[in-house]
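Chemist: Chain by chain, the residues:
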Amino acid sequence: MLDVVWHHVEGLEKIDVNKEQKLLMEADRIIFQFPLYWYAAPAGLKDWEDKVLTRNFIYGDGNDNLMDKEFGIVVTTGMPLKDFQRGGSENITIDQMMAPLRAIADRAKMRVLPVFTIAQFQYLKENQQMQLLIDYQRYLTQKYPNSLKHRQEWFIREFSDRFKNFDETNYSECETILDTFIQQKEDLEQLRSTIDLIKQGEED
Amino acid sequence: MEESTGIWLAEQIEALSKKQKEYENRAFLVALKTAVEEQNDRLKLLKGEVDGRLWNHEQW
Numbered sequence: 001m002l003d004v005v006w007h008h009v010e011g012l013e014k015i016d017v018n019k020e021q022k023l024l025m026e027a028d029r030i031i032f033q034f035p036l037y038w039y040a041a042p043a044g045l046k047d048w049e050d051k052v053l054t055r056n057f058i059y060g061d062g063n064d065n066l067m068d069k070e071f072g073i074v075v076t077t078g079m080p081l082k083d084f085q086r087g088g089s090e091n092i093t094i095d096q097m098m099a100p101l102r103a104i105a106d107r108a109k110m111r112v113l114p115v116f117t118i119a120q121f122q123y124l125k126e127n128q129q130m131q132l133l134i135d136y137q138r139y140l141t142q143k144y145p146n147s148l149k150h151r152q153e154w155f156i157r158e159f160s161d162r163f164k165n166f167d168e169t170n171y172s173e174c175e176t177i178l179d180t181f182i183q184q185k186e187d188l189e190q191l192r193s194t195i196d197l198i199k200q201g202e203e204d
Numbered sequence: 001m002e003e004s005t006g007i008w009l010a011e012q013i014e015a016l017s018k019k020q021k022e023y024e025n026r027a028f029l030v031a032l033k034t035a036v037e038e039q040n041d042r043l044k045l046l047k048g049e050v051d052g053r054l055w056n057h058e059q060w
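Chains as they are written, first to last, in my numbering: chain E, 1 to 204; chain H, 1 to 60.
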């Protein structure tokens, strides 16, 4: 995978504000990941926010230090996703709960990504858990928006990186799989442009 | 490309996935298969749309 830095803020002995701010400035995409505690992030993350995300750093010094970086949230919950909607047992949406974090991101002129919610992971079947793991990896490194085009590009890049580690396969078998996948992607693009041409003809 | 190519591709990926000892490799191939199935569905829809538009009698 592309360069991903995992930084556990609750594990820090002491928060070095300059160091934390520098780490944020080095990133292209900043993702807060946490379990949902009473409709919010745990106290450890809030404490880190209050110390590191100073007014000056976010917008006050005029430098827009985080401008155009992407901001994502990964949140896990033991409740089913269907509960988090108006009329559901929780009667509040995940987006509503995440509003304060997004407000900071907006203030910093960041690009807000949709929340990646993991609900009741232990209830998922093995294949669903596997799918979720890769969806999560895509959330970390795939280009946005999450379109089929970007998904295909991500798989092409990652397949090329990973197939050397596959068991019981050979180079040519993997190459055939990759080439066929790319061919399908190109067929889709070809069909789309054909449809665009026909549509143009219909309008004339 | 023929519809059967996409089905064949999904089968190849599934077979390869089952041979993987590492969880992450297996997971990657499971998700790649999902992406291929998405390609297959989309190809079918778009081919149908091309046919539908070409046979639109109002344009004859």
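Hints should not be assumed to be uniformly reliable.
[As the list claims (entries may be wrong)] Straight-line distance between alpha carbons at most 25 Å, and here's what the computed BS3-like set of lysine-lysine pairs gives:
hint: 1; chain 1: E; residue 1: Lys199; chain 2: H; residue 2: Lys44
hint: 2; chain 1: H; residue 1: Lys44; chain 2: E; residue 2: Lys185
hint: 3; chain 1: E; residue 1: Lys164; chain 2: H; residue 2: Lys44
hint: 4; chain 1: H; residue 1: Lys33; chain 2: E; residue 2: Lys185
hint: 5; chain 1: E; residue 1: Lys125; chain 2: H; residue 2: Lys44
Worth flagging that the hints you see were computed from the coordinates, not collected in a lab.
Small disclaimer: the values here were computed from a predicted structure and weren't measured.
Chemist: Now tell me, hint by hint, if it's right for this structure.
Modeler: Against the structure, the hints:
no. : hint                 : result
1   : E:Lys199 <-> H:Lys44 : holds, 18 Å
2   : H:Lys44 <-> E:Lys185 : holds, 13 Å
3   : E:Lys164 <-> H:Lys44 : violated, 32 Å
4   : H:Lys33 <-> E:Lys185 : holds, 14 Å
5   : E:Lys125 <-> H:Lys44 : violated, 29 Å
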